[in-house]
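*Asks:* Per this note's numbering, the sequence shown starts with residue 130, numbered consecutively.
Just so you know, the hints here were simulated from the structure itself, not pulled from any lab data.
A portion of the hints provided could be inaccurate.
Stated by the list, open to error - Just the calculated beta-carbon pair ranges, DEER-fashion: (1) Gly262 - Ser516: 24 to 32 Å; (2) Ser516 - His331: 41 to 49 Å; (3) Gln412 - Gly255: 19 to 27 Å.
Unchecked claim - Taking lysine to any residue and the SDA-like style, the derived pairs with C-alpha atoms no more than 25 Å apart in a straight line are: (4) Lys526 - Ala545; (5) Lys496 - Ser516; (6) Lys219 - Glu462; (7) Lys219 - Gly241; (8) Lys496 - Asp230; (9) Lys337 - Gln412; (10) Lys219 - Lys254; (11) Lys329 - Val267; (12) Lys408 - Arg246; (13) Lys328 - Asn315; (14) Lys215 - Gly292; (15) Lys328 - Asn561; (16) Lys254 - Glu221; (17) Lys329 - Gly184; (18) Lys504 - Ala232; (19) Lys287 - Leu360; (20) Lys496 - Pro238; (21) Lys408 - Tyr420; (22) Lys504 - Glu389; (23) Lys258 - Ser279; (24) Lys258 - Gly283; (25) Lys424 - Arg546; (26) Lys329 - Ile444; (27) Lys541 - Ile592; (28) Lys509 - Pro388.
Virtual Cβ for every residue (Gly too), placed ideally from N, Cα, C.
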Amino acid sequence: MIRNAAVPFLLLIVALSLVADGRQVVDDFIMLPSDRPSFVDRAFPRTDLGNEAGGTRWAVLIAGSDGYWNYRHQADICHAYQILKKGGLKDENIVVFMYDDIAYDEENPRPGIIINRPDGDDVYKGVPKDYTGEDVTVNNFLAAILGNRSAITGGSGKVVDSGPNDHIFIYYSDHGGPGVLGMPTNPYLYADDLMDALKKKHASGTYKSLVFYLEACESGSIFQGLLPEGLNIYATTAANAEESSWGTYCPGEEPGPPPEYETCLGDLYSVAWMEDSEKHNLQTETLHQQYELVKSRTANDNSAYGSHVMQFGDIGLSKDNLFIYMGTNPDNENYTLASANFLRANSYHAVNQRDADLLHFWNKFLKAPQGSSRKHEAQKQFVEAMSHRMHIDSSMKLIGELLFGLHQSSEKLQAARPANQPLVDDWTCLKNLVRTFERHCGSLSQYGMKHMRSIANICNAGITNEQMVEASAQACEHIPSNPLSSLHRGFSA
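Start from the sequences and build out the full structure, keeping to the hints where you can.
*Replies:* Printed below as a string of structure tokens:
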């Protein structure tokens, strides 16, 4: 009797000694200091401590560009597919959007193969071709998210046919600008249209939680002031609302691509989350832990060659294990969470997303034999890209001066709104003014998206469409013959 009574006392002594030794006893488990709840765990305590996802995992992957100089975006998407596939997701639950013009492009030194890092395996093999070419549209992308097959035009017809207990992962990689995301077709995807679709998806009650990873310049502006709490959506972006995102594994970097490549292989934020996902058991790593690691790597020690990864929406969801959305590779079962330094590449240099095309054209020019047609083509592409940039920049500058005066123009066009406000009050106004600009000055194209804040500020200042028509007509007497200015694909809004 005395011996039995001593057992609880001895257990108490052991428990106290463990706490004194830096350990913590929770329920029937002993936790080391490194296992203790993070700030997010304490602020948003879990109600489902199991690792199982429950319901079905769905994914939508989209590369919003075309052209071999944008190789990295489709490489990102193909790589993401391979991670999800190894994680156990079925093809029927992964919807892929990619123009599919780089694997067999004559510029590709390894025909039929796409890599996302210098020593990487082929990530192209087996990727579903759900929506390719001219079927990669805003309408199809949003219809696929909403599960609206009747609104789909072309493609496989695959959509996110999810239910109330399902989990959705959306990953987008491309160029962007304030309030807008590029597409290989027109129109582009505007933040208000994406937000309307996400709200409709929530109202339909057809998911339990949704995670959105976004790679693009000024990508923070897509959710800033627009994504409310309460939709069970957690989003992270490659950059804040005012900065570029960055390409990586580019020519001239260390590590760079294999010598036969003349283009960037990946994007800094995208490569960061995917290389992290490949190294860990995603049953034990949370969204928050990955966010912190990716934020550190993408900031690149706060150098000039990095950006600020942001998070939006229901931050409490970041306590979820990545397994819930991506599954996990069984080969990683025994892998523990690595430090940010372990995942950091040796390179401290990256390439601004908007300059990656110039880098490709320049390297193509340097490597081409003297007097060859390839050298002439590269020179032509480089000159056309620079000419288009100068035209767009000078046209927007002149329009600003005509509307606001010489001395106030720069301040008015470049002003950024507070972090809790969306880019523009009237999105219809923004789209109308974009069309007005393009009607007189030609297509903005992927580079011109950087000026979307200027056009938004023109709207916010109360400038009417009639005033914009007059200013655009004076600034641009005609649309340049440069193919980048062509409106053959229609307006970007």
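*Asks:* So which hints don't hold here, by number, going up?
*Replies:* Failing hints: none at all.
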